[in-house]
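Visitor: Protein chains in written order, with the working numbering: chain A, 8 to 263; chain B, 3 to 437.
If you are wondering where the hints come from, they were derived from the structure by calculation, not from laboratory data.
Accuracy of the hints is not assured; some may be wrong.
Said to hold, decoys possible - Examples of chain B residues lying across from chain A (beta carbon under 8 Å, computed): (1) Asp63; (2) Ser364; (3) Glu368; (4) Arg376; (5) Ser377; (6) Asp381; (7) Phe391; (8) Arg418; (9) Glu419.
No experiment lies behind these values; they were computed from the predicted model shown.
Each residue gets a CB set at the ideal place from its N, CA and C atoms; glycine is no exception.
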Amino acid sequence: MMQAAGPMLEIKKLSVSIHGAPILEDLNLTVRAGEVAAIMGPNGSGKSTLAYVIAGKPDYEIVSGEIWFDGEDLLELEPNERAQKGVFLAFQYPVEIPGVATMTFMKATLNARRRSRGQGDLTTPDFMRRVREASQMLKLDQEMLRRPLNVGFSGGEKKRLEILQMALLRPRLCVLDETDSGLDIDALKVVSDGVNALRDPERAFLVITHYQRLLEHIRPDVVHVMAKGRIVASGGPELALELERNGYRDYAEAAA
Amino acid sequence: MTAHVVQRSTAETTLMRQFETEKLSSSPRRADAFGRFIAGGLPTRRVESWHYTDLRAAMRDAAPLAPAPDSGAIEDARAILTDRKRMAAWRIVLVDGRLVAELCDQFPPAVSFSREEPSPVDVDDPMVALNEAMSVEAYVLKVADGARVEGLIEITHISTAKDARSVYSRVAILLGIGASASLIESYLGAGPGVQRNSLAILTLAEGARAKHVVLVEDDAELHIESRLGQLAAGAELNDFVLISGGALTRRQLFHKLIGPEAKITLGGLTLLDGKRRSDTTLQVVHAAEAGTSREYYRAIVDDEAVGTFQGKVIVENAAQKTDGAMKSQAVLLSPRAQMNAKPELEILADDVVCGHGATVGSLDPEQLFYMMTRSLDRDEAESMLLEAFGEEAIRRIEDDVLAEALRRPFWAWLARERVARVGGEGEIHWVESAS
């Protein structure tokens, strides 16, 4: 079947507040299939809010605007429905779920996604094979996957586990919220390799980061600069280098 | 004789009449026990240990005493047993508080079960006294010194009455020096007219070890269960209850560590829905040194149900080097659900490590959101969190067979809840059992 001609993700004039305080204001953003788009910006610019709003976190008030994903109105959908359509958010701070074994959780989520697309559950050997392949790539000890989800995992292990889940769920749109924070150089390499392995003409990435160093490993096609709740500049990879040299000050002032 | 006139409730008046007409009063021991009961009558909120359960107000009348089971009742009991997956190697069946030999198994030589009044235990509680006054039969299960019973022993309390009946049962469990056994007690069959007063005395001699699980699954109007334990030096008791039925359930535990280095672990999972109420009130007394006590209770409370946990750990002067920890945790699933939690410590010794805590809350929205971003529906995510919450409690029994016995009613309750909440299919399991 032909892919729809329009962009995969289209955000139009989105304004969002939390407890009455505006966070995003008139934000516009377009991401196309196959694209790796980086979003850079200073602390408090609204990057994580944007990630949460795309994923459907309920705490935010959508004041105005639209989010279209593959031609569907994303704001009408529950977080699980968005995930079933192919949206994935890799959390900056993955949540601990005591009492639920990581492996059990991953199997349940993978089957939920499959069922939503009319596919049957995976057989256990098939599931185990996929987990083995993905965990080898991400250098995650399989024994760890028997432990409760994210409980007692180091910061780096949690981030690698997010990418492992992403690899298993094979989403259309991967939103990475500061996946590089808390990673040392080796872990950063492993995580980036995991992400790069998933690059595909049918898949898009929205890579949210504070620093340019992640983008040395995950090469973006487009770089957007965010300040005070909106996109204030867009360009090629060279924009990230410029930000690294000059900081965000000029943009923060421009947005004011 | 009291000079002033006491205003008796209808239930108290009925109990007095029952005590006289059933000729129970001819026994001085019973007469004494009934005297202790009637002095204060049915407990009200003014009795501290009954503060959250006003039994006098809840009990409009005392139901007629259940008669000895006839052949029909025995057949009903047999049918209830046939419907259940058999877990135990040895089964004792009490129907309406009386032993039904034809439904019981033959015990190995080191274990005996006989009709016998247990030695008295000094606990001051009106319903403990009433049990002593009204129980027609009493039994003692003995495990001989040094015996290590391999299979599970089950004591099944069955009520078969179709209408209002009160049922008294009275059992003592004695483990000899160095003996060990795993026990399961199940309460089955009671319909909404049954008022139950069940008492168990647990005595562990030096170095004895018992794992004990109690299942309250049926629908009694009133389930009052008292457990009186004594642990000698080095004895270990691990006791866990799962409550998934009963309109008003009151479980009261009075345990005492009388010898040094005894260890007691008490736990429970209470599952409440509708307008049901459940009250767990426990007292653990450390009377000797270097004892360890753990109390971990969890509750899931939905609809307009009310849960109560009152725990008091008393460390006497002599009980130096005591190690105690108590925790009550509840998840409320509805804005009208309630949980009362009152953990207390009373420490008279100076060299001890004791702590307590209580949490009451709803399911964590951050966890639910995280799970939903991975494709799970809200109700799948909720049931996964609830199952994990209960599973963490169940695992504390540290015994695969007993844990499995606890999971069955837990999963059944979750499935009923799920149907009530979302109307979907009930049975889904997330947590892999014993692995």
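Visitor: Against this structure, judge whether each hint is valid.
Guide: Outcome of the hint check:
Among the interface hints, the one on aspartate 63 of chain B is violated; its C-beta lies about 44 Å from the nearest C-beta in chain A, farther than the 8 Å criterion. Of the supplied interface hints, the one on serine 364 of chain B is violated, with its beta-carbon coming no nearer than about 14 Å to a beta-carbon of chain A, more than 8 Å. The beta carbon of glutamate 368 of chain B comes within 5 Å of a beta carbon in chain A, closer than 8 Å, and the hint placing it at the interface holds. Here the hint on arginine 376 of chain B is kept, as its CB sits about 4 Å from the closest CB of chain A, short of 8 Å.
Among the interface hints, the one on serine 377 of chain B holds; its C-beta lies about 4 Å from the nearest C-beta in chain A, closer than the 8 Å criterion. The restraint placing aspartate 381 of chain B at the interface with chain A is violated, with a minimum CB-CB distance near 10 Å, outside the 8 Å limit. Here the hint on phenylalanine 391 of chain B is kept, as its CB sits about 6 Å from the closest CB of chain A, short of 8 Å. Below 8 Å, beta-carbon pairs count as interface contacts, and arginine 418 of chain B has none with chain A, the closest being about 21 Å; its hint is therefore violated.
Residue-level restraint check for glutamate 419 of chain B is violated (minimum Cβ-Cβ distance to chain A is 17 Å; threshold 8 Å).
In terms of the numbered hints stated before, the structure departs from hints 1, 2, 6, 8 and 9, listed from lowest to highest.
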